Amino acid sequence: MKTPQALTLSRVFPANAFESDKGRGRVWSKLRRDKAGLLGLVIVTVFLLLSLGVLFGWLGQGWSIADGGRWEPMSVNHWLGTNLLGQDIFQRAVFSTRTAFEIGLAVSLLSTLLGALLGALAGWYNTKLGGNWVDGSILWLMGVLDSIPFYLFVAAVAYALQGWPWAMHVAMIVTFWTTTGRLVRAEVMRIKSRGFVLSSRAIGLPVPVILIRHVLPNTLHILLVQASMAFVAAIKTEVILSFLGLGVQDSVSWGMMLAESTQEVLAGHFNNFLTASFMLFILLLGFNLLADALQDAFDPRQASL
Amino acid sequence: MSDCIFSVRNLSVTLQTGLGLARVVDKISFSLQGGEILGLVGESGCGKSITAAALMGLVLSPQGLVTADQIKLGDKNLTQLDEASLRRVRGSEISMIFQEPLTALDPVFSVGSHLSTVIRRHRGENRRQALRSSVDMLERVGMADADRIMQSYPHQLSGGMRQRVMIAMAMACRPKVLIADEPTTALDVTTQAQVLTQLSELGQSFGTAILLITHDLGVVAQACDRALIMYCGRIVEEAPVKALFGAPTHPYTAGLLAAVPRISTGRAQRVQAIPGLVPHPAALSDGCHFANRCQRADTRCRTLIPNMRSVDGPTNSHLHACHHPLEHSCHAD
Amino acid sequence: MRIILHNIIHGLLLILGVTLISFLLMVWFGPDQTYTLIGKNATASQIMEVRHELNYDQPFMRRYLDYLVELFTLDLGASNSSGEQVNSILRRTLPVSLALMLPGFIIGNLLGIVLGLIAAFRKGTWSDRLITGLSVTGMSISFLIIIIGLQVLLSTPYGLNLFPVRGWQVEDLSSYLAYVTVPTLSLILVTLGYNTRFYRAVFIEESSREHIRTARAFGASPATLMWRHVLKNSLVPITTRIMFSIPLVVISGSLLIESYFGIPGIGKVSFDAITSGDQPILKAVVGLTAVIFVLIQIATDFIYRLVDPRIS
Amino acid sequence: MQTDSALLSVRELVVRYRVNGSRRELLTAVNGVSFDIHAGSIFGLVGESGSGKTSLAHSIMQLTLPTSGEVQFHGKNLAHMKGSDLKKMRRNIQLAFQDPLASLSPRRSIQQSLIEPLDHFRIDAPEQRRARACRALETVGLEADVLLRFPHELSGGQRQRVALARALVTEPELIIADESVSSMDVSVQARIIELILNLRQQLGIAFLFIAHDLAVIQQLADHVGVMYLGKMIEIAPADRLFRQAAHPYTRALLEAVPVPDPAHGKPVALQGEVPSALTPPAGCVFHTRCPRVEDRCRVLDPLSNQINESGEKRTSHHVKCHLWNP
Amino acid sequence: NGGDQSTSTEISHSVYRHSMDGAPNNLDPARSSNIYANFLVVNLYDTLYRYKYLARPYQLEPNLAENLPEISADGLTYTIRIKPDVYFIDDLAFPESKGRLVSAQDFVYSIKRHFDPQTRAQGAWLWQNRIVGLDDWKANGSDYKQEITGLRALDGRTIQIQLISPYPQLVHTLTQGFSAIVPREAVEYYGRELAIHPVGSGPYRLLSFNTAGAVMVRNSDFRQEPFSLENEGYDPASQSRYGLEHLEGLTPPFMDRIEVEFIGEDAARWNAFIAGELDFVKAPVSQFDQVLESRNPLVLKPELAENFHFQATLESGFVHTDFNMDDPRIGYHPNPETNARNKALRCAISKAFDWEKRNEIFYYGIGQVFPGIIPPVAPEFNPDQDRTSIIRDLKAARELLKSHGWTADKLPDLEIGFTSSVTERQMFEQFRSFMADIGYPRGKIHPLTFASYGDYAQAYLNREVMLMTIGWTMDYPDAENTIQLFYGPNATPGSNTANYNNEEFNRLFRDSSTMLASPARTEMYRKMNQIVIEDCVTISGISRKMILLWNRDIAMLPDRSFLGGHFFRFAGPGKANFKNRQEE
Ligand SMILES: Nc1ncnc2c1ncn2[C@@H]1O[C@H](COP(=O)(O)OP(=O)(O)OP(=O)(O)O)[C@@H](O)[C@H]1O
Ligand SMILES: Nc1ncnc2c1ncn2[C@@H]1O[C@H](COP(=O)(O)OP(=O)(O)OP(=O)(O)O)[C@@H](O)[C@H]1O
Ligand SMILES: [Mg+2]
Ligand SMILES: [Mg+2]
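Going line by line, the protein sequences match chains Y, Z, B, X and R. Note that the first sequence covers residues 114 to 418 in our numbering. Note that the second sequence covers residues 2 to 334 in our numbering. Note that the third sequence covers residues 114 to 425 in our numbering. Note that the fourth sequence covers residues 3 to 328 in our numbering. Note that the fifth sequence covers residues 69 to 652 in our numbering.
Hints are computed from structural coordinates only; laboratory data are not their basis. Bear in mind that the values here come from a model prediction, so they are computed numbers and not experimental data. For every residue, glycine included, the Cβ atom is placed at its ideal position computed from N, Cα and C. You may find that some hints are simply not true.
[Claimed, not checked] 30 Å max Cα-Cα, derived BS3-like pairs, lysine-lysine: (1) K78(X) - K241(Y); (2) K120(R) - K153(B); (3) K241(Y) - K89(X); (4) K241(Y) - K84(X); (5) K153(B) - K241(Y); (6) K613(R) - K153(B); (7) K369(R) - K613(R); (8) K177(Z) - K268(X).
[To be verified] Listed below are several chain R residues computed to face chain B (Cβ distance under 8 Å; list not exhaustive): (9) N93; (10) D96; (11) P185; (12) A192; (13) L262; (14) T279; (15) A280; (16) N339; (17) I342; (18) E345; (19) G522; (20) Q526; (21) P561; (22) S563.
Hey, can you work out the whole structure from these sequences and the hints?
What follows is the structure, encoded as structure tokens:
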């Protein structure tokens, strides 16, 4: 018997038509066509560059110099005016970008990752009402972390990791992942009965592979939205933690600027408040646009014409 | 039965594929009369389901582009309706049975709620009546423990049961036009017979016209009045079933008929596939799409699109699109 | 029956774990109340005295066991700073916090769901952009500023002066409304951004499912699509989000709202307890939180199975 | 009885589902089914819709755990397999799901789905896996461009072929094909039939082929099993079954096959009350619809009878019907 | 009917709504350690003495006592008679819930409580090592049955106190909430919950108390003592604008109800005041711009002046930053040479500190900067003192460093302790920028933050903080109270947070501590002050100015310092409202 030949294959299509794998090119090309997503990407890139500039000492280094008067208005010397101490608000805002990236990004990425993995494991092993020991232990961990007052926990971490610059990150990651974890767990409990999971089980794929390749991509919407929320939360919590003696003691951040500005707003000076809020808003907007675009780009069902 | 209640003229659908735009449905036209069952047969991937979705207005602009000169349902031209009016038409005047029932049913609603919602929406019955009608519908399509089924969720049903739930839903609307996309693939033959009977009864009692998409030529022969043969997005032959099975004129139709496996009491006879592959919709050649698989093809076939022509003269009921039609039946046996 | 037993054991383990770990943190890392309780010019022996009075000199396990006994007998002792019985503190403040937070919590989530549905349904249109933009704004504005702004706007002569600035003299519905409105609005404004953003993402995902197409084919209106099909399919993440924020609402309350609006709720009490190291209160709060988490955990796992039949 | 030579043997398999979340109400989807599949043979499984064919397939794969009974592969109980044994077994039994759209990862391209089992079982060198996937697609009549598509971008028949390609890409010893040709046009179907016969012949792959199309079964199968309401009511060598079907239900099935000839009379559906799977009728499960029902059918559950004299199990014809009760 | 209606509106005028920027955490006199608690306690309980309402400087005035104490010639024996017919309020703690007569024994009991470890009292330091037998009583197990020679009730109304050595501040201590008189029955009945069920004989009784506020109502049985402007030290020249005159001859407490709101947040406090929900507010510093028309002289904005009375007062205390003398990096060092270098460093830091700017930025420029440790409210304060120690002198500071071999790389790392808050942090940053001006590298000045005051206190009381900023509120108008902060034996865990130990200073302190107020003692105080300044032990200091605003409808003169809450009983309705009330 003659086996069917792929006669048409080489004739009609250039051979390289199928080269690109994993749809990476596809994601990028979809992203490129998404104007809002591109805007988000541009915003995030600009901020990233700013923070690199700060990191390498090119930008915002004068954040702590108090050479101005109290609450100076915008001027050539101080583009966005000065704060109570006479420090330059613009410099401080720029310098804060680094803090935002360092803390916001690290915390949101890692807590989302941790939440995704542990949540997925828990959800997977929730085989019956009550779950098995994997589910049980992860739930237990979540319960413990959630029940302990945040301040108490953070104080403990601060004490235990005294002076270590990443103590703050650790404290936040360890406490933030539970929310994502619970959401992912619930989502996985739902997804795991779907046909394609069954079919990957039929092949005998190991559980981690099933979870990472087949299950977690279908929770991408939750992961992205949680990551952007963790980002905000991290930036806002950073102030509280610095107040508790954790993390970057000797630095400035948007959160710190917002905290300072509460007093200033009462006194009728809005520069600090507006600047910090605006920077946070823009970066957040960038992240959200990008996250939306990514979600679309990674979802093959959202085709574009 | 000669009133035409649904007519489609020059419907085309263009989709975005990995290889660029592909016109997966290419200027197809047909019409349906009240109570009629029209079979739509064609090679897998030739665009039947897309046609169905396009007729329902379910192909949305980012995914695909639908153009048509006319899709006329009764006195409404669906191409000119806005989404809101289209929505009122959908379900009540035209409804559809989807090909893959598991993903098509809402996983968190029970069968009962699927059915009764549709019944309440389109028949205006109250909750209790609707539940009763739902049970009735289920029994009609041969589902025994209707009580259990009513409370079951889609994932708890077998493939055939899901399919029958979809059929029941579509039938419950008593639409003017029903598009059934391979409704009986997961049914055993006895159940299939029952369902087909129900469908044709629907046509008799409510004048519903049915576009029955199927691969089973046996079903076409038994249940349909007329049939369309589709190949690569185009209709290549349209004929009353008798004529189609008796004297197919398009070589593709003939090939299909030859490939139908039949039960024999003796040793099974091998059937022959049509040689060659279906071309990719994004890379169709000019002329007749079937040309590169057709033994009768010549250069004209490769360059010139054949138009639909009438075979049997003035009655105009048997049409084909072929430059070299078969003159007489090549149907063995 | 086995499930109930299982849950009880699991819950007990959780409570044991939470109490043990948090007690450990409390004892080793938590604030030491000695120095807030001693008078001026204290001597070393007075400090020892205070430590003894606070039980700080007892061995850890001993104190922990005492804690467990207190927890299970529901006799939680008296606050170190005010001397009030912890039970009576809880009884006094919990209802207030609930009454304060619930409306905002419920409305905030409902509004978030509605806006999320609208945005998801009109994804890519201007209404979606507007909603997304506003929710990002909401997320980036600080809570304090919202509270102060609303206070000035709604409660002072600089603004509309419609509601009391602060207080909680709740006697009847109208006084309740008077006192609860501005805090509720602040709470809604603060959470709405997050809620909307979250729900929108969930709804968008759910509305790209095949069965939505079926529903449309059967003539479901946009409202039906969103409210019935998308919403019901999203109930699992919605439940998760809502249920697990309950402890935050009930137990943690909101420190800021309570202190800015002069409301004697549990938020301030527990915050003070944490920062000052008032262990009896802290122990009660931690214990209570753990119990509530256990209950919520059990409840959500049940609810999951109710709202989504595929979860077995 | 030499069960040891069987590739797959299913013994008294029972699958029960809980209905409506309650513990007590159980639905028996598969009720004591036993059969063997020998290496390189094709076992056709037909039966009423909802009679438990998919459940049987899933429980063979251990996707739903059987309530009782056992499944042996090469004489080893699947339920007890662990580690490398299990992995080998997984490689050697592949399932093509009845619902191809649901069974393909929506966010993964066809290529990823096809290569995945190759990666997992380390079949071929990594750079050759794509070519192998490509070949698998070609054998089921799809072109390579499908590789880069996503499941929702295919037609029903194409998806079904992808599912089949995925099952055979590892070249297992046994493929369970759950209604794998139902959405294909007859030409493609013919091609697939040819392919399967070829695979069987050249690679010795055995099939458990579930289908409703009896004509296809006849073309393919060496043995045919007929299920009704969870029970295997008849098993016979294919030629025997199509020549002299013993069970009234099998006969009804054969009679109801629509003939592709409009002149032929319309097939008739079975008359009588369709039984409930939750509360199956006492006695013979088919008695409510059986044209030849007798009194004992209503009370006595018929045993499985061998009705031909062949001593060899491979060619024996079993039926569960009182008519054949000596 | 109409009459009723008007009555009910007028009753609302006999409510005084006070606001505080912090909350007491309990109302047990023995534990009323913060000013907020003291405020309420002196209204709910009786103290033997109080300060005159209007007299400045402060003057003692008998409260529950009939007269000022009779003091024996050696200054060791005090005899005090309390007023007759004073009753505790009715309370469940008493038999038949009937308040009983207040007796001398109650006073003895109340002081003893401070020496009973179970009370967890915080006021013992006031009487520690002062009263004959009291410390032994504690050492013997605090048995209330045991008599104490130095603290006795001679009869129902006579108290006798015998001191170990003269203690001129004793009567001052008897004005404080700590000394308030608690009935034993209540302590035994309520136990620890006494803190929320006060049972006293003060002018008010408690209605409710929680984290947000407290409500007190008039104790209708409070003794009838007509208000006399003259007796309270009325000064028409400065006090006539407050409209107190019409209260003359009436019986306090004037208000039926006092509502005290605890509002830590400036914005909320101010908003509530502006919205008319409060009668009194201490204006937040951030609002000074909005409140004041001019700083010098201090003038209120006209639109506020229309509705509110206003007073600017200095706090009864000061803020200073101590060096930890126990830290060899900056304090005492066994090596005399290093010791001298450290001193030079301290002095340089002090000189580099810009008090003017600190005042300007954080205290709106209206705080009073003064040299040393005797704050302006103290009677012994010397306005003509040499101010060089608070005048910034960068040149001198640099010189000092240079001459003692301090170069940028040799300078020690400084750790500045503070509790975390925006303002403290900003102060730290400002401090660092001050130091930058003398070339102190930015990277060598580190913040050492603490989450709560308790943590901070624990750290500095354990000598773990190098530089700490302390705010001290005086307990009584006598500079002894601030000078003792540097007395060697008071070193930590005592209140000498600098751990300063200077022989001469200690001697002077010992000598002066037994002296009654006199020019000689003042002289000694000033000498000690100078010693501290010269040793550069502390960067000091500033007394903050408070802007107090209150409703014109209320006739009163509020005070946040030594008077404590004693003035509540004198807060009366304004004249306009008052008339209505009288007519009724
Ligand atoms: N979303 C899509 N994007 C790109 N191409 C698509 C999409 N959906 C379908 N196609 C392609 O369009 C063609 C027509 O598909 P359609 O589903 O209509 O086929 P069909 O006739 O229903 O086939 P079958 O009988 O197999 O169901 C196929 O070649 C398919 O691959
Ligand atoms: N998860 C489940 N929960 C409860 N009942 C189920 C579940 N899955 C299947 N069933 C029931 O089991 C019976 C057998 O289903 P199964 O899918 O095995 O049938 P099938 O023979 O494959 O039918 P079809 O030919 O229609 O696909 C049906 O009655 C079905 O309703
Ligand atoms: Mg199709
Ligand atoms: Mg099936």
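Each hint, compared with the structure:
1. K78(X) - K241(Y): Distance ~28 Å between K78(X) and K241(Y) Cα, so the pair holds.
2. K120(R) - K153(B): holds (26 Å)
3. K241(Y) - K89(X): holds (25 Å)
4. K241(Y) - K84(X): Holds. K241(Y) to K84(X) sits at ~22 Å (cutoff 30 Å).
5. K153(B) - K241(Y): violated (60 Å)
6. K613(R) - K153(B): holds (24 Å)
7. K369(R) - K613(R): holds (17 Å)
8. K177(Z) - K268(X): Holds, at roughly 25 Å.
9. N93: N93(R) check passes; min Cβ-Cβ to chain B is 4 Å, inside 8 Å.
10. D96: Check passed: Cβ of D96(R) comes within 7 Å of chain B, closer than 8 Å.
11. P185: holds (5 Å)
12. A192: With Cβ-Cβ at 6 Å, under 8 Å, it holds.
13. L262: holds (7 Å)
14. T279: Because about 5 Å separates T279(R) from the closest Cβ in chain B, which is inside the 8 Å limit, the hint holds.
15. A280: holds (4 Å)
16. N339: holds (5 Å)
17. I342: holds (5 Å)
18. E345: holds (5 Å)
19. G522: With a minimum Cβ separation of about 4 Å from chain B (threshold 8 Å), the hint on G522(R) holds.
20. Q526: holds (4 Å)
21. P561: holds (5 Å)
22. S563: At about 5 Å, which falls below the 8 Å cut-off, the nearest Cβ of chain B leaves the hint on S563(R) intact, so it holds.
The earlier numbered hint that this structure contradicts is number 5, and it is the only one.
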